[in-house]
Amino acid sequence: KAGVTQTPRYLIKTRGQQVTLSCSPISGHRSVSWYQQTPGQGLQFLFEYFSETQRNKGNFPGRFSGRQFSNSRSEMNVSTLELGDSALYLCASSPDRGADTQYFGPGTRLTVL
Amino acid sequence: GEDVEQSLFLSVREGDSSVINCTYTDSSSTYLYWYKQEPGAGLQLLTYIFSNMDMKQDQRLTVLLNKKDKHLSLRIADTQTGDSAIYFCAESKSSGYSTLTFGKGTMLLVSP
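For the record, the sequence lines run as chains A and B.
The opening residue of the first sequence carries number 1 in our numbering; numbering runs sequentially from there.
The opening residue of the second sequence carries number 1 in our numbering; numbering runs sequentially from there.
Chain A with its partners taken away, still in its complex shape (with noise of 0.2 Å):
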């Protein structure tokens, strides 16, 4: 089985731009979880979605978003970039809601200047 995967891998954007990044979970997974990785505060839960709905959500401003399709395909987006945005974007999958053992993707490096 194929295992998580993220694309882009690495994307360099500016301040005030908007970015969509994408993650195709392991096949028959049902669960996308997405985190963010800074350096500074370690790995955050940002949200998760099962069956195309947002079951839960973390900590962060309204210009994280995030969707999931009927094929269990994920985005998240990030509108109006900060220089604090910069950081590596996981994703997660699952094969069903609840504490389910979770694998991780390469994850998407960004960077904003």
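Just to be clear, a hint being listed does not mean it is correct.
For lysine-lysine, the following DSS-like pairs were computed, each having C-alpha atoms within a straight-line distance of at most 30 Å [what the hints assert, rightly or not]:
1) LYS104(B) / LYS56(B)
2) LYS68(B) / LYS104(B)
3) LYS68(B) / LYS13(A)
4) LYS67(B) / LYS36(B)
5) LYS56(B) / LYS36(B)
6) LYS70(B) / LYS57(A)
7) LYS68(B) / LYS36(B)
8) LYS57(A) / LYS36(B)
9) LYS68(B) / LYS56(B)
10) LYS56(B) / LYS70(B)
11) LYS67(B) / LYS104(B)
12) LYS67(B) / LYS56(B)
13) LYS57(A) / LYS67(B)
14) LYS36(B) / LYS104(B)
15) LYS104(B) / LYS70(B)
16) LYS36(B) / LYS70(B)
17) LYS13(A) / LYS67(B)
18) LYS57(A) / LYS104(B)
Covered stretches of chain A (chain B as the covering partner; in silico rule of three or more C-beta atoms under 8 Å from a C-beta of chain B) [stated by the list, open to error]:
19) 45-56
20) 104-113
Hints in this document: simulated from the structure, not taken from any laboratory.
Even for Gly, the Cβ is constructed at its ideal location relative to N, Cα and C.
Put chain B on the given structure of chain A with help from the hints.
Just chain B now, with coordinates in the frame of chain A:
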């Protein structure tokens, strides 16, 4: 609270055992995980333990859980240079949501 704490750095010699420790504060945690992250890579799931277990062994890895003290440890036997990485402890709850709360990570450096 939901903090997960880990020591930041551990240095061992190749062939020795490594023990990485973690403490958590949320007694309702259901699953506890260990993930490994190598430079420039995502998180690799190493092992996990359900909260009603005390110990889990998987090849070179041994996880010990002391639920009373909310203490979790990961022991790596016969540590190799390829084990050098950052190790993250994480917890989740059976609340219906797949949300992990992570520690800041322990950097393990294995010297030849």
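Hint consistency between LYS56(B) and LYS36(B) [alpha-carbon to alpha-carbon, up to 30 Å]: Judged against 30 Å, a Cα distance of about 17 Å means the pair holds.
Given pair status - LYS70(B), LYS104(B), alpha carbons within 30 Å: holds (17 Å)
Restraint check for LYS67(B) with LYS104(B), where alpha carbons must lie at most 30 Å apart: holds (20 Å)
Straight-line alpha-carbon gap LYS36(B) to LYS70(B), limit 30 Å: holds (21 Å)
LYS13(A) paired with LYS67(B) [C-alpha distance capped at 30 Å]: Distance ~45 Å between LYS13(A) and LYS67(B) Cα, so the pair is violated.
30 Å Cα cutoff - pair LYS104(B), LYS56(B): Holds: LYS104(B) and LYS56(B) sit about 23 Å apart, inside 30 Å.
Pairwise hint evaluation, LYS57(A) against LYS70(B), where the allowed Cα distance is 30 Å at most: This hinted pair holds, its Cα atoms lying about 26 Å apart.
Proposed proximity, LYS36(B) with LYS57(A) (alpha carbon, max 30 Å): The hint holds at about 25 Å.
Given hint LYS70(B) paired with LYS56(B) - CA-CA distance at most 30 Å: Roughly 16 Å between the alpha carbons, so the hint for LYS56(B) and LYS70(B) holds.
Chain B over the stretch 45-56 of chain A, status - at least 3 residues with CB closer than 8 Å: It holds: at least three residues are needed, and the stretch 45-56 of chain A offers 5 whose Cβ sits within less than 8 Å of chain B.
Proposed proximity, LYS56(B) with LYS67(B) (alpha carbon, max 30 Å): With Cα atoms ~14 Å apart, LYS67(B) and LYS56(B) stay inside 30 Å; holds.
Straight-line alpha-carbon gap LYS57(A) to LYS104(B), limit 30 Å: holds (20 Å)
Hint check: violations occur at hints 3, 17; the rest are consistent with the structure.
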